[in-house]
Amino acid sequence: MIQTVQRTARNAAKSSDKMNKKAVEMSIQTVIVIVLVLLVLFFLVYFLIYGGSIFNSGLTCEDKKGTCVGSVAECDQNGGTIGPWKCDDKTQPKCCIPLK
Numbered sequence: 066m067i068q069t070v071q072r073t074a075r076n077a078a079k080s081s082d083k084m085n086k087k088a089v090e091m092s093i094q095t096v097i098v099i100v101l102v103l104l105v106l107f108f109l110v111y112f113l114i115y116g117g118s119i120f121n122s123g124l125t126c127e128d129k130k131g132t133c134v135g136s137v138a139e140c141d142q143n144g145g146t147i148g149p150w151k152c153d154d155k156t157q158p159k160c161c162i163p164l165k
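In terms of our numbering, the sequence shown opens at residue 66 and continues consecutively.
Heads up, some of the hints might be wrong.
Claimed, not checked - DMTMM-like, lysine to aspartate or glutamate: derived pairs with alpha carbons at most 20 Å apart: (1) K129 <-> E139; (2) K129 <-> E90; (3) K130 <-> D141.
No wet-lab data here; the hints were simulated from the structure.
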């Protein structure tokens, strides 16, 4: 009789440990999901407020200490980079040549 009670108590303790481990795993997963959702929301709000690319918004050719040109040939000859530079509207394509 005593052995049966002890065995039942041991089984209950093992079951309780398993349930505690599952609860901890679920809470860790919940925290990870919440953090990921907050990161996505942060980038979404940032994108909606500031628009454009997240990493180079507001980047101008002048910020890069360069000059805007419109000729692809001139861009290639002078080591410029074609990109989404905020040059004047007449410059097509948008090429930024670094000043030396």
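Each hint, compared with the structure:
As the CA atoms of K129 and E139 are separated by approximately 18 Å, the hinted pair is consistent with the 20 Å bound. Restraint check for K129 and E90: not satisfied, since their Cα atoms lie roughly 48 Å apart, outside the 20 Å limit. The straight-line distance between the Cα atoms of K130 and D141 is roughly 18 Å, inside the 20 Å bound, and the hint therefore holds.
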